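The primary structure of each chain is shown beneath.
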Amino acid sequence: MNWLGKLTWSAIPFDQPIPLVAGAVVVVVILGGVVYIVAKGWFPYLWREWITSVDHKRIGVMYVFLACVMLLRGFIDALMMRSQQALAYRSEGYLPPEHYNQIFSAHGTIMIFFGAMPFVIGLMNFVVPLQLGVRDVAFPTLNSVGFWLTASGALLVNVSLVVGEFSRTGWLPFPPLSETTYSPGVGVDYYCWALQISGIGTLLSGVNLVTTILKMRAPGMIYMRMPIFCWTALSSNLLIVAAFPVLTATLALLLLDRYLGFHFFTNTGGGNMMMFMNLIWAWGHPEVYILVLPAFGVFSSVVPTFSGKPLFGYRSMVMATLAICLISFMVWLHHFFTMGAGGDVNAVFGTLSAVIAVPTGVKIYNWLFTMWGGRVRFETPMIWSIGFMITFTLGGLTGVLLAVPPADFMLHNSMFLVAHFHNVIIGGTVFGAFAGLTFWFPKAFGFRLDETWGRWSAYLTIAGFYVVFMPLYAVGLQGMTRRIQHFDVPEWRLPMIIAAIGVLIALAGVVCQIITLFVSIRDRERLRDRVGDPWDGRSLEWSTASPPPFFNFAVLPQVDQEEEYWNWKQDAARRASLRPEPDYRDIEMPRNSATGVVSAFFATVMGFALIWHIWWLAGVAFVGAYITFVAFAWRDHDEDRVPADVLARADRENRAIRAEALKGYAPR
Amino acid sequence: MSATAAAHADHGVAGIASHQGPAPKRIVTGYGFWIFLLSDFVIFSCLFATWGVLVHSTADGPTTHDLFDLNTVAIETAALLLSSYACGLAGIAAQRRRAAAFQICMLVTAALGALFLGLELNEFWDLVAKGDGPQRSAFLSAFFTLVGCHGLHVSLGLLWLFTMMAQAFAKGFRADILRRLMCFSLFWHALDIIWVGIFTAVYLYGVYL
Chain A
181 MNWLGKLTWS AIPFDQPIPL VAGAVVVVVI LGGVVYIVAK GWFPYLWREW ITSVDHKRIG
241 VMYVFLACVM LLRGFIDALM MRSQQALAYR SEGYLPPEHY NQIFSAHGTI MIFFGAMPFV
301 IGLMNFVVPL QLGVRDVAFP TLNSVGFWLT ASGALLVNVS LVVGEFSRTG WLPFPPLSET
361 TYSPGVGVDY YCWALQISGI GTLLSGVNLV TTILKMRAPG MIYMRMPIFC WTALSSNLLI
421 VAAFPVLTAT LALLLLDRYL GFHFFTNTGG GNMMMFMNLI WAWGHPEVYI LVLPAFGVFS
481 SVVPTFSGKP LFGYRSMVMA TLAICLISFM VWLHHFFTMG AGGDVNAVFG TLSAVIAVPT
541 GVKIYNWLFT MWGGRVRFET PMIWSIGFMI TFTLGGLTGV LLAVPPADFM LHNSMFLVAH
601 FHNVIIGGTV FGAFAGLTFW FPKAFGFRLD ETWGRWSAYL TIAGFYVVFM PLYAVGLQGM
661 TRRIQHFDVP EWRLPMIIAA IGVLIALAGV VCQIITLFVS IRDRERLRDR VGDPWDGRSL
721 EWSTASPPPF FNFAVLPQVD QEEEYWNWKQ DAARRASLRP EPDYRDIEMP RNSATGVVSA
781 FFATVMGFAL IWHIWWLAGV AFVGAYITFV AFAWRDHDED RVPADVLARA DRENRAIRAE
841 ALKGYAPR
Chain B
3 MSATAAAHAD HGVAGIASHQ GPAPKRIVTG YGFWIFLLSD FVIFSCLFAT WGVLVHSTAD
63 GPTTHDLFDL NTVAIETAAL LLSSYACGLA GIAAQRRRAA AFQICMLVTA ALGALFLGLE
123 LNEFWDLVAK GDGPQRSAFL SAFFTLVGCH GLHVSLGLLW LFTMMAQAFA KGFRADILRR
183 LMCFSLFWHA LDIIWVGIFT AVYLYGVYL
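Listed in order, the protein sequences are those of chains A and B. The numbering used here numbers the first residue of the first sequence as 181 and each following residue consecutively. The numbering used here numbers the first residue of the second sequence as 3 and each following residue consecutively.
Extracted from the complex, chain A is given alone in its bound form (with noise of 0.2 Å):
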C-alpha cells in the first residue's frame, strides 16, 4: 500500500524555475510572517483577539485582507498575462503554454472565489449588523467557521504553486476538457476540492446573514427602514444560499467523474457535458449578481453621504434590487448561446439578459439624482463611486450588446467578451470593494486612510482600467479569441503592447494602495476618527464609537424612521441635547471559539489528501472535523455576562465625544 497515493518528489515542480521561484517566495514569506509574530510575542493577542474571534466585525477586516492578499496573487498573474501577449507576436513569448493556462486559470478562480467573494462577504459582515443595529450575526462561531473554511481554499490553491500544479481549464473546469481522459493531473482536483471548501463556507456565510437581515434587527428597524447596503445584501445572500448549493453538486458531479469513472459529462457511457454548462452557469450567471449586489449597497451608502442628500428614490432602489436579484436566475443561458438551442429559447434568454439592463439602470439614475442638487465632496470614496457609475455603464451597454444571440454568435469567447466581464467586474465590484474599504476603514481602525495617495490609486487604477480594456475590446471585435499563449495578427499587436502599458498603469495604482496603508498607519494621529463619524454619516454604525466595541451598541437603537442616525444627529444638534441616557442592562456575548480555524486545518488536511488520493489521512480529517464539531457542541459555556457598568461607561464616553462634536455642528 502506498501510504501517500499519488504524492512523490515528482511533484514539486524543480524543473520549471517562475513557479518553483514563486511558490518559494510565498513560502519564505509566509514563515517569515509567522517566525516574525512569534517572536515578537504577538502570537497570543492574534489568537485571543482575532483567530478565535466570533466578532463580526474582527471576521470581516480577516475577510478584507484575505481578499486584498488574493487580489494581489490575482493582480501578479494578470501581469504575467498581458506581458506574455504583449511579448507573444510571432513568438512563445517567455511562459510555456501549459504554464500559461494555469495562469489564466488560476487568476480567474482567484479573483472570484478568493479576491472578489470574502471582499464582499468581509464588508458585509463587517457593516449590516451595525447598520442593523445589533451587536452581532444570527451565528457567530459559524461565521468564524466560514471564514476560515475560504482562508483554507484560498490556502490548499496556493499550495498547487509548489506542490503539483493548478487547474489549465480556465477559471471554470469545463468538460469534457476538466475529466481525467484530458487532465489526468492533479491541477483539476485542486481546483475542485479548494471550490468545495470555500463554497461551504460562503454557505455558510449566506445562511447567516440571511438569518441576520430577516430575524435580527433593532427594535423599530422594519424592512422598509433598512439602509440600500443591507438590502443588497440581503438579495446577494439568498443569491448565495440558492446559486452556491448548485456550484456544491456541479463539482461533486464532476468529481465523481473523475474518482469513481461516473459518466455525467463524458464523452463515453451517455454523458452530457452540456449539461455541465448549464449547471455551471445556473450558479455562474447569479454569481455575478453576487458579487455587484454588495458594490451597489456600498455605493448607495457613500452617494448620499457624499452628497449631503437622502438616497434618491429608496423604494425603486428597494425593487430594482429585488428584481435584479430575481432575474439574475433567469439568463445563465446566455452564457453559451452556441450550445444550439434554438431561437425561441435564446431569444428568451437574449430578452430577458437584456432587460436586466433595466432595474440597473434604474440604480444608475437614483445615484446621479442623488448628486443631483446636493454639495458633492469629492474624497477617496466618492472618486471611486464617480469611476464606477462611467465605467459599469460602459460595461453594461456592451453586456446588452452581447445578449443578442446573433451578436453573440460572433463574439463569444472573444478579447471582447473579456473585455466586457472585466468592464463590470472591475468597474462594479472591485470599485465597489476599495470605495467601501475606504469608506468603512475608520470604523474598523479608528483613523481615515491618507486622503491624496487614496485618490492617486482610484485616479491610476481606473485610467489603468481603460488602457487595459478598450484595447480588448477592439481586439475582440477584430476577432481575437480568449486565452491565446501567441498570435500571428500584426493588427493585434499594438493594442496588446498599450494593454500591457495599462497594466503597468494599473500598478502604479496597486502601488498607491499599499502606500496609503503605510503612510496611514504611520500618521494615525493625524488621521484619527474621535468621533465615530468622519464623513457625517448617515446610517447607524457612524453612531458608534471607532473602532466600536465588541458589543456595538451598549442599549440597542430604537428605529423611528429611515436614515434613522442622520436624523437624530439634526435633531439633536438643533436642541442642542442628546436623548436622555438609555437604561443600561447586563448583557450576554458570545465566547471566542477556536472550532473554526480547528475544523478549517482540518478540511485543509482532508482536501489535500483527497487531491492526493491519501484515503486514510482524509479518514483521519473527516474524524478530526467531527471531534471538532462535538467539542464546541459540548461547551457548558457559550456566552460572558457583560455587566452594565461596562457597558455605561462605554456609553458614556460615547455620549460625551458626541455631545461636544455637536456643538460645532451645523444641522441642515
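The hints are simulated quantities; they were obtained by calculation from the structure and are not laboratory data. No experiment lies behind these values; they were computed from the predicted model shown. Warning: the hint list may mix true and false statements.
Ranges of calculated distance between the beta carbons of each label pair, as one might list FRET restraints [as the list claims (entries may be wrong)]: (1) Ala168(B) to Glu768(A): 25 to 31 Å; (2) Ile664(A) to Thr74(B): 32 to 38 Å; (3) Gln105(B) to Glu278(A): 46 to 52 Å; (4) Asn124(B) to Gly212(A): 54 to 60 Å; (5) Tyr806(A) to Ala102(B): 24 to 30 Å.
Which chain A residues stay away from chain B? Per the calculated CB distances, all over 10 Å, these [unchecked claim]: (6) Leu226; (7) Val314; (8) Gly522; (9) Met650; (10) Val777; (11) Asp818.
Just a few of them, taken from the derived set where beta-carbon distance is under 8 Å, the chain A residues facing chain B [claimed, not checked]: (12) Thr391; (13) Leu440; (14) Ala534.
All C-beta atoms in this analysis are idealised placements derived from N, C-alpha and C, irrespective of residue type, glycine included.
Once you've looked at the hints, dock chain B against the given chain A.
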C-alpha cells in the same frame, strides 16, 4: 422587551410596535436551519434535474424497467416515514423532559433509519454485483448519485442522532440542546420530503413509465 414596547408607545407610531427587535434564539436558530435546509434542497434539485436529463442515457445498458424492485422500496419508505414518527415522539419526550422515553424513541428512530440504509445498500450492492454499477452508464451514474446522496444524508443524520443521544444523556435538556434537537428533527423530516421525491421521480416513474 417591555421597555422597547414603552418606547414605541412614546413615539406613537402605529403598526411599528410589531417589530420589537431581534427574535429570540430559538426562532433564529430554527429559521437559520430552515434556510440551510433550503440550500440542501437546491443540491437535491440539481441531482433531480441530472436524473431527468440522463434517465434515458443508458448506453445500451439496463433501463429503469430492468432494475427496480418496488417491494423493497415500499419497505424502505415505510421504515423512513415511521422513523420520522419516532423522531417526532422523541421531540415530545424531550419537551416533557422525559429522558428514558426520549432515548428509546431516538433508538427506534435510529433503528428504522438503519433498516432503510441497510435495504438501500443491499440494493446498491446487488446492482454493482450484476455489473450495473454507476460506471455502467450515465443513467446509472445519476441514479446512484441521487439516491446515494439521500443515503449519505441519512448516514450523517444517524451520526448526528447518536451524538444528540449522548449529549442529552450527558448534559440534560438544556436550552441549547433542545434547539439542536429541533434542528435535527427538521433535518430528519426534510429527508422524508426528499425521499417522497425520489420515490416518485425515480422508482414509480422508472417502473411505470
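> Beyond 10 Å from every Cβ of chain B: is that where the Cβ of Leu226(A) lies?
Replying inline: holds (29 Å)
> Is the distance from the Cβ of Ala168(B) to the Cβ of Glu768(A) consistent with 25 to 31 Å?
Replying inline: holds (26 Å)
>> Verify the CB-CB distance for Tyr806(A) and Ala102(B) against the hinted window 24 to 30 Å.
In response: Since Tyr806(A) and Ala102(B) have Cβ atoms about 27 Å apart, the given range 24 to 30 Å holds.
> Regarding the assertion that Met650(A) does not contact chain B, is the least Cβ-Cβ distance greater than 10 Å?
Replying inline: holds (39 Å)
>> Just to be careful: measuring from the Cβ of Ala534(A) to every Cβ in chain B, is the smallest value less than 8 Å?
In response: Violated, about 26 Å.
> Would the hint on Leu440(A) stand, with a C-beta cut-off of 8 Å toward chain B?
Replying inline: holds (7 Å)
> Looking at Val777(A) again, its CB stays over 10 Å from all of chain B?
Replying inline: holds (22 Å)
> Has the hinted range 32 to 38 Å been met by the Cβ atoms of Ile664(A) and Thr74(B)?
Replying inline: Violated: the Cβ-Cβ distance is about 55 Å, outside 32 to 38 Å.
> Cβ-Cβ distance between Asn124(B) and Gly212(A): within 54 to 60 Å?
Replying inline: holds (56 Å)
> When you look at the beta carbon of Val314(A), is every beta carbon of chain B farther off than 10 Å?
Replying inline: violated (6 Å)
>> Taking 46 to 52 Å as the stated bounds, is the beta-carbon spacing between Gln105(B) and Glu278(A) within them?
In response: Given about 59 Å between the Cβ atoms, the range is violated.
> Holds or violated: is the Cβ of Thr391(A) closer than 8 Å to a Cβ in chain B?
Replying inline: holds (4 Å)
Against the hints set out earlier in the document, violations occur for numbers 2, 3, 7, 11, 14.
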